[in-house]
Amino acid sequence: MAARKPSKTRKKPASRNSAKKTTVSWRGRIWRGLFYVGLAAVLLFAGYWGWMDHKVRDRFAGAKWELAARIYARPLELYAGAPVSAQMLRLELKGLNYQPVEKVVRPGQFSWQGNRVEVYRRAHKLGAEMIPALPLALTFTSRDAQQIDSFTADDAIVALEPKEIGSIYPATGEDRVLTRLQEIPPLLGETLLAVEDRSFMDHHGISLRAISRAFMANLKAGAVVQGGSTLTQQLVKNMYLTNERSLIRKLNEALMTLSLEWHYSKSDILEAYLNEVFLGQSGNRAIHGFALASQFYFNKNVSALNTEEIALLVGLVKGASFYSPWRQPQRSKARRDTVLAVMRDSGLITDVELTHALAQPLTVVKSPASQHAYPAFVGLVKQQLLRDYPLELLQSDGLTIYTTLAPSVQTMAEESLSQTLGQLETQYKIPASQLQGAVVVTAVGSGEVRAVVGDRNPRYHGFNRALDTQRAIGSLIKPALYLTALESGNFTLATPLDDGPVEHELRNGDVWTPTNFSGIDHGLVPLYTALANSYNQAAARLGLEIGIDEVVDTVHRLGVEQAIAEVPAVVLGAVDLSPLVVSDYFHTLANEGIYSPLRAIREVYAADGARLRRYPLNAREAISSNASYLIDFAMQITARQGTARKLYTQLPESLSVAGKTGTTNDQRDSWFAGYTGSDLGVVWVGSDDNAPLPLTGATGALPVWRALFKQLPSESINRVQPPEVTFVWVDAASGMLSGSECQGALLLPFVKGTQPHQRANCERMKRRESWWRRLWDENN
Amino acid sequence: MRISLIRSLPGAGLIPLVTLITGCAGSAITQTPPSVPGEVQVVDSQPMEPSPPPRVPQTGDPASAPSTAVPIEQQFIIAANQAQAQQDWSTAIEQAERGLRVNRRQPELYLILAQSYWQLGESAQASQFARQGLRYLGPGSEVLQLNLRKLAYPNNAN
Chain A
1 MAARKPSKTR KKPASRNSAK KTTVSWRGRI WRGLFYVGLA AVLLFAGYWG WMDHKVRDRF
61 AGAKWELAAR IYARPLELYA GAPVSAQMLR LELKGLNYQP VEKVVRPGQF SWQGNRVEVY
121 RRAHKLGAEM IPALPLALTF TSRDAQQIDS FTADDAIVAL EPKEIGSIYP ATGEDRVLTR
181 LQEIPPLLGE TLLAVEDRSF MDHHGISLRA ISRAFMANLK AGAVVQGGST LTQQLVKNMY
241 LTNERSLIRK LNEALMTLSL EWHYSKSDIL EAYLNEVFLG QSGNRAIHGF ALASQFYFNK
301 NVSALNTEEI ALLVGLVKGA SFYSPWRQPQ RSKARRDTVL AVMRDSGLIT DVELTHALAQ
361 PLTVVKSPAS QHAYPAFVGL VKQQLLRDYP LELLQSDGLT IYTTLAPSVQ TMAEESLSQT
421 LGQLETQYKI PASQLQGAVV VTAVGSGEVR AVVGDRNPRY HGFNRALDTQ RAIGSLIKPA
481 LYLTALESGN FTLATPLDDG PVEHELRNGD VWTPTNFSGI DHGLVPLYTA LANSYNQAAA
541 RLGLEIGIDE VVDTVHRLGV EQAIAEVPAV VLGAVDLSPL VVSDYFHTLA NEGIYSPLRA
601 IREVYAADGA RLRRYPLNAR EAISSNASYL IDFAMQITAR QGTARKLYTQ LPESLSVAGK
661 TGTTNDQRDS WFAGYTGSDL GVVWVGSDDN APLPLTGATG ALPVWRALFK QLPSESINRV
721 QPPEVTFVWV DAASGMLSGS ECQGALLLPF VKGTQPHQRA NCERMKRRES WWRRLWDENN
Chain B
1 MRISLIRSLP GAGLIPLVTL ITGCAGSAIT QTPPSVPGEV QVVDSQPMEP SPPPRVPQTG
61 DPASAPSTAV PIEQQFIIAA NQAQAQQDWS TAIEQAERGL RVNRRQPELY LILAQSYWQL
121 GESAQASQFA RQGLRYLGPG SEVLQLNLRK LAYPNNAN
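Chains as they are written, first to last, in UniProt numbering: chain A, 1 to 780; chain B, 1 to 158.
Bound conformation, chain B alone:
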């Protein structure tokens, strides 16, 4: 379920709306982006209506995104991990790419790409994918971050 997955990523657009709603005068800095880029605050008898925020899917909600027990890209992660276990790096890469076609912001898939290219001796490509994966990391994924960083910056242990 792509849409809900992306929503579940950190800083991915829902939280900011709350800030917009409760925007605090005098506090100039906020960590969150607006719902409508470029929307200007105006005093108006009919204030500008930004787009309704996306709703969190509810169980039984007909408008909600479909629910699956396991995200579909997880299948590709599992298949890629199995290939890695058998040192079949090309298949692992292939499976990871298929997963990215479903969810292009899944950092685990970038880690698989990075590890597999590293094993194939293509360290530059490995580093690039690891760096890309770091862009999509959320909080609470320290181990993943550590693994990605190792491959992204192999000459910098920190």
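Excised from the complex, chain A in its bound form:
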């Protein structure tokens, strides 16, 4: 590069100019720099605000919250003749938190005078439909009546609101019931604004007046006693931000608040606030929003809240735990009364209303309804739901699930199990708490599961024995065995079976030698006797004769889907099933041979009230009506005279029951499956460690079943006799033809043409008219 020779004359001015220029350029650069920095800052800020704005709108415009799926019991239907006992109705009303009063004046109350009951049903929602509150009255003929006698209401049939029995809430633990602003009582909204943000309708998200007021109050108190946040700011803080105290969080809060106010109407913001606000805690479950809080604290719809209840809930906004009406009732009442005073000062209520409200005690429910009261049943519901819906959807889409649970039946089943197991432990000197059990109760016909108990402590959230335990079913298999024989056409209930010793060589060379429980051989016995007394040797011989595969096929037809090994021991119950699957199997027998899959869910609704799915009744003819009639009759004999005869030590003779006991090797499992005309109950009793017990099906599970059915209003078995079936007098011992006046004769049903023809000797007996026969004759 060539060197330049600068001239002096040019150098000086140049130097002056240069200095001037340098100064200008330096200042300019600063200004320019500042300008660019400022511009960048503005752009950054705008970008940041834009991002915040996007965040605000993104969440606010879409689904704001994950909503829990709510699970409800079946609504109890009341009508004249409904199989609802007084005890059952009491349990249902108690479960729904109805208040007993002298005179019914408002929804949620009932009065019980003698045999007359008045109930004021609450308003409630079913899917998208709003069901209004409704007064009704009913009578029972007596305290022990098993059905409603008379019923008075606007409709001939009225259902109480279904009890909420559980929910599947989001993993965050936040639970809420979404409510529209229109569904919120105006007084609640007005009170909230009066207490939390008086200038809500006037400010643009941030209220300088509120901030200065809070500043002065805090200055005066020397501590933070008042916040200056508007409702919008509180909403932003709850919805978008954490509880962190920092400048950047404050900045975010301000930006988001302004964005929210810019984009959305006051009513949108208020509605979101009413749904968002934290109002209580129950274990891991956080109660958000006034609609859920209304149910949580008062077990009522938010639209039905009265003045003092509104005041209490609004008071909780300040601190739900601090003012908890259960843990801090005095403090809670004081806060409620403060809110009531604000309501009066704001002109929302009159002095008279204030005086009346102040005189009212806290009317919260005794304790919040547990979301985990029925873990075994809810476990079954979840199992069935998960076939159709992914868990994430159940936890977020606010589904409403109506199930088949009958809470009163559930309570009866729970108490029957826990009390009877305690008694058995004392009676048989079994170590305390060793016995465990499970109960499944099903409505015959509909296949609706009415109750599930999976543990003697029914609130225990652990292993659900009703669904998950797989235990050998012992003699519960025998109805399927004898049914197979009867269906073959080669056997009748009177066919003599050999109950002598059995020896059968297995494929591996071993010899199978099943024996009777008593160790006694009974020689030739009619088929119905072999079933009623559960003789193993007769059953084993019969099973081998008709074919193990045929028996297994029958078990499958009756509703058992799982694979069963076709080995001889199957006919004596070497099949591991859960009580629920046994219920499926026995329900087909109870339902006169029609297989209907058991159901725990009736309907599923979306959050907007649209019905997503109904679980309809399905039917498949599994066994003929003739064979079904015969096996049902034999199981009724089992209940009257066979291994289950102890049922009638406590059940009325007029109640026809069919059932079968089951006991497994070394008495490790005790089973009883029995049904009436309307209900099926399956009970398993045993020990979790599979230890031998001094119990049989008749002494372990049967007493549980009996204790339950003693209380349960249930219809007697009263089957329609198929046209192809006829009744014939046969000799009980030999199964040969007999007559009604022959000693030892009994009536047995036969498919026409299969009745015995060979006549037994008839030893005539003297007849004596019994009192009821005389009575019957007189009345007819």
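Note that these hints are calculated values from the structure, not bench results. Since the structure is predicted, the reported quantities are computational estimates derived from the model, not experimental observations. It cannot be assumed that every hint is accurate.
SDA-like mimics (lysine to any residue), calculated; alpha carbons at most 25 angstroms apart, straight line [stated by the list, open to error]:
1) A/Lys64 <-> A/Ala286
2) B/Lys150 <-> A/Ser624
3) A/Lys125 <-> B/Arg101
4) A/Lys752 <-> B/Leu146
5) A/Lys382 <-> A/Thr355
6) A/Lys366 <-> A/Ser321
7) A/Lys125 <-> B/Asp88
8) A/Lys366 <-> A/Thr242
9) A/Lys125 <-> B/Lys150
10) A/Lys382 <-> B/Arg101
11) A/Lys318 <-> A/Thr172
12) A/Lys752 <-> B/Gly140
13) A/Lys710 <-> B/Arg101
14) A/Lys94 <-> B/Asp88
15) A/Lys752 <-> B/Gly138
16) A/Lys366 <-> A/Trp326
Over the 12 angstroms line for every Cβ pair with chain A, so calculated as not near, a few chain B residues [to be verified]:
17) Pro37
18) Gln41
19) Gln84
20) Gln87
21) Ile93
22) Arg101
23) Gly121
24) Leu137
25) Gly140
26) Glu142
27) Val143
Even glycine gets a Cβ: it sits at the ideal position worked out from N, Cα and C.
Since chain A is already given, all that's left is putting chain B on it; use the hints.
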């Protein structure tokens, strides 16, 4: 009134008692079931007492079942029929199922189920319900029987 309804069904348990009472020696066959399954005839100074037969409800009888002008399930039959008239087969099915929860042996409700499933193209389910309904038919319901049979055995006109 469920109990009385079931009693009113044919062969549903009351008539047999009369036969038991008037049981005739030498006539081996009877069409009627005993009141107590497995009850054996015995010569005894204290003969076995079977359970008292259920009494026919009398008007004004405090022990009688309540009296309603129309059986409660009839409401569901009417509602289901109305739905069928509007070709709302799903509602008809729903109403019939509600009726069956009250009285599971009401054949008309099975006919509604069968007809509705048939209309929905589910002929197998229709046939099953029709066959179930046939099990609960009583005498004097020939038309109902005919309708059920048509759906139960669609390939067999007879």
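Are any of the numbered hints broken by this structure? If so, which, sorted upward? 5, 8, 9, 14, 17, 18, 21, 22 and 24
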